[in-house]
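Quick mapping for you: the protein sequence lines, in order, are chains A and B.
The numbering of the first sequence is the working numbering, which starts it at 14 and goes up by one.
The numbering of the second sequence is the working numbering, which starts it at 572 and goes up by one.
Calculated directly from the structure, the hints in this document are not laboratory data.
There's no promise every hint is true.
Derived contacts from chain B toward chain A, CB cut-off under 10 Å, selection only [what the hints assert, rightly or not]: (1) D666; (2) F861; (3) G1076; (4) R1079; (5) T1091; (6) P1095.
Not close to chain A: a few residues of chain B, all C-beta gaps over 10 Å, as computed [stated by the list, open to error]: (7) G636; (8) V1092; (9) I1120.
Sample of chain A residues with no beta-carbon within 10 Å of chain B, all distances over it, derived [unchecked claim]: (10) L25; (11) V39; (12) V152.
Yeah, the Cβ is synthetic: ideal placement off N, Cα and C, and Gly gets one too.
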Amino acid sequence: MPEPETPRRLDLPDVPDWKRVSPRYVLVEIVGTVLFGLALCGGGALLWLVVGLEWAPYLIGAIVLVTLLTVLFEPRRVRAIGYQLRQDDLLFRRGIMFTRFVSVPYGRMQLVDITRGPIARWLGLADLKFVTAAASSGVLIPGLAEADAESLRDRLVELAESRRAGL
Amino acid sequence: MTSLADGEWHRLHPASPLLRGGIFIVAVLGFIVANLRERLIDFFFGVPVYGSDPIDEIMRRGAVGWALLIVAVVLVLILLGFYLSWRMHTFRVSDEVVEVRSGLVFRSNRRARLDRIQGVNIVRPFVPRLFGAAKLEVSVAGQDANVQLAYLGSALADALRRDILHLASGLRQPAASAAAAASAAASAAATSTSAVPNSGTEAENGAETGGFRSQRASAPEFGTAEGRVPEGSGAPAGIGAAAAGIAGGVGGFAVDRANEFFAPELDPDAAPPESVVRIPPGRLIGSVFFSGFTVFLVLAGIALVVSIAFGGSGWLLVAILPGMIGSVSYYFSRFTKSLRYSIAGTPDGVRVGFGLLSTSNETLPPGRIHAIRVSQPVLWRPFGWWQVRINTAGHSTNKGAAGEANTTTLPVGTEDDVARVLELILPGFNSAEHLALIGRGLLSTGGDDGFTNAPGRAAWLRPFSWRRTGYAIADGIALLRRGTVSRELILVPLARLQSVGVSQGPVRRILRLASAALHTVAGPVAATLSVLDAGEAVTLFERVSAGAIESAHLDTSHHWNLPNGAPR
């Protein structure tokens, strides 16, 4: 087909440097994944020992394999999370397999949420959520150092204040 | 008192507690009557009855006096409660806010900023409508955040809505000359009030509307003749009240109510007639009949016949038959709720009204519509009918046309109707190019037609509709076109856009495609494009995000009539 070749991977060309989240966030993700894998394995073990299903050990094996693979790719996935404060909007990206880019004008901010899970708190990390009137915006920047999260929140509120718009 | 929107505290219609608790009271009465049926028969016809019930017991013990006393006390308490709740339920409308205070034990106070109004809805349920009362609801964004005024006099509600919208539009009340005229009118009306002391509320309503009307008449944009009939009421309430006094109250009241009941749903003065869109009943019946529900019903009927023919045990009959009987009421309610439908442009926004027995009409000020979808179910295609639905931030608690949420702006209409409705809800987007773009968005099968369409590779994912799947951006409006079996065109005003996203999964990566989503407030319209060239997706992302910022910056619709257009 003689059409101009478009790049296979979706990427924004004119964005020089994405701000990355803290590398320590990998640990939070790994702990979460492992715990989830363990819970699934527990379910599999129940099927095997209590219900007595013959194929349950294979299921457990598959779960362990998937969990291990996920853990291996975790650092790459965390590095794929990025954000950038542009002149009038916040850019956000995440995902390697399922890539997603979002742009939110600052004036659309309804509120900024900072939350800390137990492991993230132990590592001194926090998640920042940028909430708009649309539920589907879904801008959640995880794994920011606590001080960074708070300064980013103040900066976003300030930017939203100066570019305020209605709904 | 010249108008309800003068910043002072006002009370609702005195019958409000009764009307709001109406169904409950009727139920209680029904219960009592059902229980006393035999007693009543005995009382009137003297037929003896047997058995024992509480009343027999009371009579046997000679406690009739006590029982009557208890009944009387309960009645008095109920009336007192009604009176107190009416007294405590007050509202005011000032230049900045609408505020309601209510509650006896748990006091509540709710305030809505006028420049945050998403819509004003006037609902007249059947029974209150018989009594000339209406419910006014001011919707603002947020869950359960609406301000309800239930109930007001019918004409008063219309006047108050006009006033609220007028204040919210950024124009303040007219100055001194108007106030003088208004006070003169008010005093004139007040004399008529004293002349008819026994038709209290009506005369009061008359005084208020009379004053309000003359005040409006002196304001430039409502500069019509003095004797103008208030929107939605058959006869001017002031004259009606006077007539009521002459005719001994009751008769005049009935005539007044009857006039009001049979008045046209949309007052001819309220909007220029060429902007009004209506639905002929035949088309309405057709649209209800040719719906997905009918397909389901026909399939169920076939299944029923087949199961009986092949000697089924009849359980299917038991399962389906009640549903089929119930479907009659479904058709009926959809039909009556969309009857007398009208949509019209007024100076303060789009007015959507409908209803045969219970009526409702909502005014959406400019710039309150976040996304629009024009769609055509496949069964409507031979007739060329379309439906228009919208996303808004505020949601009236009352159901809209066709028994759906208040998001259906046009239940069914031809292409011309769609063009007129779009002109009303997207003011300024009506040049020849824009209309041509909309027309191609609705009907085109694809190709080089102003839309950026998906490449041929997309046929792997959208085998039928890929040619038509595309987008265009013109003058601050993003148009997304998709669907070929049931065609859809989605319009998003970029000034209302919350955010924009593009995404790509593994399958689309192999095909060098991506999908895009324009995020708006929640509603029936999802502005998404499922297939798009990956490079084109980046272009869309950049264009939409830049356009959204620019449009939001230029947007002044929170005070839509402010003369200099300055944002606060």
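Structure-based check of all given hints:
1. This hint is violated: D666 (chain B) has a C-beta 18 Å from the nearest C-beta of chain A, more than the 10 Å allowed.
2. For F861 (chain B), the interface hint is violated, since its Cβ never comes within 10 Å of a Cβ in chain A; the closest pair sits about 32 Å apart.
3. A hinted interface residue such as G1076 (chain B) counts as satisfied when its beta carbon comes closer than 10 Å to some beta carbon of chain A; here the least separation is about 5 Å, so the hint holds.
4. Using the Cβ-Cβ criterion of 10 Å, the hint placing R1079 (chain B) at the interface with chain A is satisfied: the shortest such distance is roughly 8 Å.
5. Because the closest C-beta pair between T1091 (chain B) and chain A is about 6 Å apart, less than 10 Å, the hint holds.
6. Restraint check, P1095 (chain B) versus chain A: the minimum CB separation of about 14 Å is more than 10 Å; hint violated.
7. Distance check for G636 (chain B) against chain A: the nearest CB is about 63 Å away, which clears 10 Å, and the non-interface claim stands.
8. In this structure V1092 (chain B) is not separated from chain A by more than 10 Å, as the shortest Cβ-Cβ distance comes to only about 5 Å.
9. Against chain A, the non-interface label of I1120 (chain B) is violated: not every CB pair exceeds 10 Å, the least being about 4 Å.
10. With a closest Cβ-Cβ approach of about 6 Å to chain B, L25 (chain A) is found to fall inside the 10 Å limit, against its non-interface label.
11. Its beta-carbon lying about 23 Å from the closest one in chain B, V39 (chain A) satisfies the requirement of being farther than 10 Å from that chain.
12. Residue placement check: V152 (chain A) does not keep its beta carbon more than 10 Å from all beta carbons of chain B (closest about 7 Å).
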